[in-house]
Amino acid sequence: MNTFSINQRSELGCTILDLHGELDAHTASELESVLQDLIARENLRIVVNFDQLDYIASAGLGVFMAYIEDVRTEGGDIKLSNMNKKVFNVFDLLGFPALYDIVDDESDAIDKFSNS
Amino acid sequence: MSLHLGTNSTYKKTITASTKNLSDVRNFVAQHATSHGYDKQKIADIRLAVDEAITNIIKHAYNGDENHTIEIEVTFKKDRICIELLDTGTTFNLKSFPEPNIKEKIKQKKRGGMGVYLIHSLMDDVSYGRENDANKMVMCKYRN
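Respectively, the protein sequence lines represent chains C and V. Start counting the first sequence at 1; every next residue gets the next number (the numbering used here). Start counting the second sequence at 1; every next residue gets the next number (the numbering used here).
Chain V with its partners taken away, still in its complex shape (with noise of 0.2 Å):
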């Protein structure tokens, strides 16, 4: 396997909004994380981290319509990875994303709620936008 080290590689790919995908986008992720050298915890952090993301907006911002799509980008700079999710669904604020009281959640038989902590705890930066009509969510994790 080759190893691309220090340069600046982009993949794309795009998907329509189905849970079907769920295992495709992460494979698609670790792949290319893989042949960058990234080690497999930080692969496996990586590969949960999209997943969360790319579940919450099915279900939140596009509700479960599976008419629509959504755009990944997986960039590599010299000391990180980062991915860039793009969809034109409903805008969440997610500034917050407290540690989930599971105790408590069980207790009124909620679930979720988990997807957004998750991410924070498993990459280094992750920031929320809205560019030309569409939401742009960007995580990154550092190779060290």
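With the rest of the complex left out, here is chain C (with noise of 0.2 Å):
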């Protein structure tokens, strides 16, 4: 019963990627592909949205690594937002903050790239 799920939509120009559930080695595959289609359809202005997401491991934060330097090349970015404290915790020993723009809400993301 490991149940992880994206929603995806789109706002001002950003694609949101709602996470649910729980985010491990089984289920990081699937983030995987979809940001492989985000990449490849050239939407680059991408917000990962976490609040639903209950649980992270390493090889969840391993799916953001691989990606985050090839988005940014082309101009866009990988903002992540909404995290609760344990999944932040995860992303905060790894020293993922000073790496990534990580906000508090999903609004914040979609206004620095309005801003930007």
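Incorrect hints may appear among the rest.
[As the list claims (entries may be wrong)] Cut-off 20 Å, straight-line C-alpha distance, at most; resulting in silico cross-link-like pairs (SDA-like, lysine to any residue):
{"hint": "1", "chain 1": "V", "residue 1": "LYS77", "chain 2": "V", "residue 2": "GLN31"}
{"hint": "2", "chain 1": "V", "residue 1": "LYS110", "chain 2": "C", "residue 2": "TYR100"}
{"hint": "3", "chain 1": "V", "residue 1": "LYS109", "chain 2": "C", "residue 2": "ARG72"}
{"hint": "4", "chain 1": "V", "residue 1": "LYS105", "chain 2": "C", "residue 2": "GLU69"}
{"hint": "5", "chain 1": "V", "residue 1": "LYS107", "chain 2": "C", "residue 2": "ALA66"}
{"hint": "6", "chain 1": "C", "residue 1": "LYS86", "chain 2": "V", "residue 2": "LYS42"}
{"hint": "7", "chain 1": "V", "residue 1": "LYS42", "chain 2": "C", "residue 2": "ASN89"}
{"hint": "8", "chain 1": "C", "residue 1": "LYS86", "chain 2": "V", "residue 2": "GLY37"}
{"hint": "9", "chain 1": "V", "residue 1": "LYS107", "chain 2": "C", "residue 2": "GLN36"}
{"hint": "10", "chain 1": "C", "residue 1": "LYS112", "chain 2": "C", "residue 2": "ARG9"}
{"hint": "11", "chain 1": "V", "residue 1": "LYS42", "chain 2": "V", "residue 2": "HIS120"}
{"hint": "12", "chain 1": "V", "residue 1": "LYS103", "chain 2": "C", "residue 2": "GLY95"}
{"hint": "13", "chain 1": "V", "residue 1": "LYS59", "chain 2": "V", "residue 2": "SER18"}
{"hint": "14", "chain 1": "V", "residue 1": "LYS42", "chain 2": "V", "residue 2": "GLN31"}
{"hint": "15", "chain 1": "V", "residue 1": "LYS107", "chain 2": "C", "residue 2": "ASP101"}
{"hint": "16", "chain 1": "C", "residue 1": "LYS86", "chain 2": "V", "residue 2": "THR34"}
{"hint": "17", "chain 1": "V", "residue 1": "LYS42", "chain 2": "C", "residue 2": "PHE88"}
{"hint": "18", "chain 1": "V", "residue 1": "LYS103", "chain 2": "C", "residue 2": "THR73"}
{"hint": "19", "chain 1": "V", "residue 1": "LYS105", "chain 2": "C", "residue 2": "ASP92"}
{"hint": "20", "chain 1": "V", "residue 1": "LYS107", "chain 2": "C", "residue 2": "TYR100"}
{"hint": "21", "chain 1": "V", "residue 1": "LYS20", "chain 2": "C", "residue 2": "SER29"}
{"hint": "22", "chain 1": "V", "residue 1": "LYS110", "chain 2": "C", "residue 2": "SER29"}
{"hint": "23", "chain 1": "V", "residue 1": "LYS42", "chain 2": "V", "residue 2": "ASN27"}
{"hint": "24", "chain 1": "V", "residue 1": "LYS141", "chain 2": "V", "residue 2": "HIS120"}
FYI, nobody ran anything at the bench for these hints, they're computed from the structure.
With the hints as a guide, dock the two chains, each given alone in a separate frame, to form the complex.
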């Protein structure tokens, strides 16, 4: 009963990915294929909303590590928002806040894209 | 919910070496830690450490071959929880666990190498050994 799902929506020129459930080494491939697809279609203003994500393991963080460079090189970004404390703690332990734009709310990420 | 404070109890589970089973193992360990009165943050730490250790065994010790098993034994001592993992795959030297340089990994488009660091950050004692042709990893976390 490993539950993980991703919903996709568009807001003001950004693609929002709503993550639900638990992201681990088993479910990370699902996120990976969604990101690959967005990059292939040159949708490079990506906001990942963690509001409904209950759990993340390093395999989940690895997905963001694999694609951020490509997206930024092409002028886009992957911004991360609405993390609960437990999920943020994992990113924090590995020093991600210095390298990724992690914001409190999805609207902050959209504003940053709009102003860039 | 009943609390089993101060007693030594052991719970065992054997899984096939597939990432499909990660959530079951996380829940198995978390459920027992909850009934033994561990707080939420410690349970979150233990869940992640066990997940990272099992993921490493599946991916590296067994190289993704699902025709193997992993034995998990959770023991509650008076002041701590210990989780023992046994596998019969390739042995790795896990003596070093430097903080991963994420910036460098991103540049090189590498991932991984984070699990062992996390396990050592999240747990209080971690040891590795070889016993009866099996790799044995034991990780413990104190209640307080």
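Evaluated hints:
A threshold of 20 Å between alpha carbons decides the hint, and for LYS77/V with GLN31/V the separation of about 16 Å falls inside it, so the pair holds. Restraint check for LYS110/V and TYR100/C: satisfied, since their Cα atoms lie roughly 16 Å apart, inside the 20 Å limit. Distance hint between LYS109/V and ARG72/C is fulfilled; the C-alpha atoms sit about 13 Å from each other, no more than 20 Å. Distance check on the hinted pair: LYS105/V and GLU69/C sit about 10 Å apart at the alpha-carbon level, within 20 Å; holds.
Straight-line distance between C-alpha atoms of LYS107/V and ALA66/C comes to about 9 Å, which keeps the hinted pair within the 20 Å bound. A C-alpha spacing of about 11 Å is found between LYS86/C and LYS42/V, which places the hinted pair at or below 20 Å, so the restraint holds. A C-alpha spacing of about 12 Å is found between LYS42/V and ASN89/C, which places the hinted pair at or below 20 Å, so the restraint holds. A hinted pair counts as satisfied when its Cα atoms are at most 20 Å apart, and LYS86/C with GLY37/V qualifies at roughly 19 Å.
Restraint check for LYS107/V and GLN36/C: satisfied, since their Cα atoms lie roughly 18 Å apart, inside the 20 Å limit. At most 20 Å may separate the alpha-carbon atoms for a hinted pair to count; LYS112/C and ARG9/C meet this at roughly 18 Å. For a cut-off of 20 Å, the pair hint linking LYS42/V to HIS120/V stands: about 14 Å separates their Cα positions. For the given pair, LYS103/V sits about 9 Å from GLY95/C by alpha-carbon distance, which is consistent with the 20 Å threshold.
This hinted pair checks out: LYS59/V and SER18/V have alpha carbons roughly 9 Å apart, not beyond 20 Å. Proximity of LYS42/V to GLN31/V is assessed by CA-CA distance (about 12 Å); at most 20 Å being required, the pair is judged to hold. With a C-alpha separation of about 17 Å, the suggested pair LYS107/V and ASP101/C falls inside the 20 Å cut-off, and the hint holds. At most 20 Å may separate the alpha-carbon atoms for a hinted pair to count; LYS86/C and THR34/V meet this at roughly 16 Å.
Taking the CA atoms of LYS42/V and PHE88/C, the gap is near 15 Å; set against the 20 Å cutoff, the hint holds. In summary, the hint linking LYS103/V to THR73/C is supported, as the alpha carbons are separated by about 15 Å, within the 20 Å threshold. With a CA separation close to 16 Å, the supplied pair LYS105/V and ASP92/C stays within the 20 Å bound. Distance hint between LYS107/V and TYR100/C is fulfilled; the C-alpha atoms sit about 13 Å from each other, no more than 20 Å.
Restraint check for LYS20/V and SER29/C: satisfied, since their Cα atoms lie roughly 12 Å apart, inside the 20 Å limit. At most 20 Å may separate the alpha-carbon atoms for a hinted pair to count; LYS110/V and SER29/C meet this at roughly 16 Å. This hinted pair checks out: LYS42/V and ASN27/V have alpha carbons roughly 14 Å apart, not beyond 20 Å. Note on LYS141/V and HIS120/V: the hinted pairing holds, with a Cα-Cα distance of about 11 Å set against a maximum of 20 Å.
Comparing the model with each numbered hint stated earlier shows that all of them hold.
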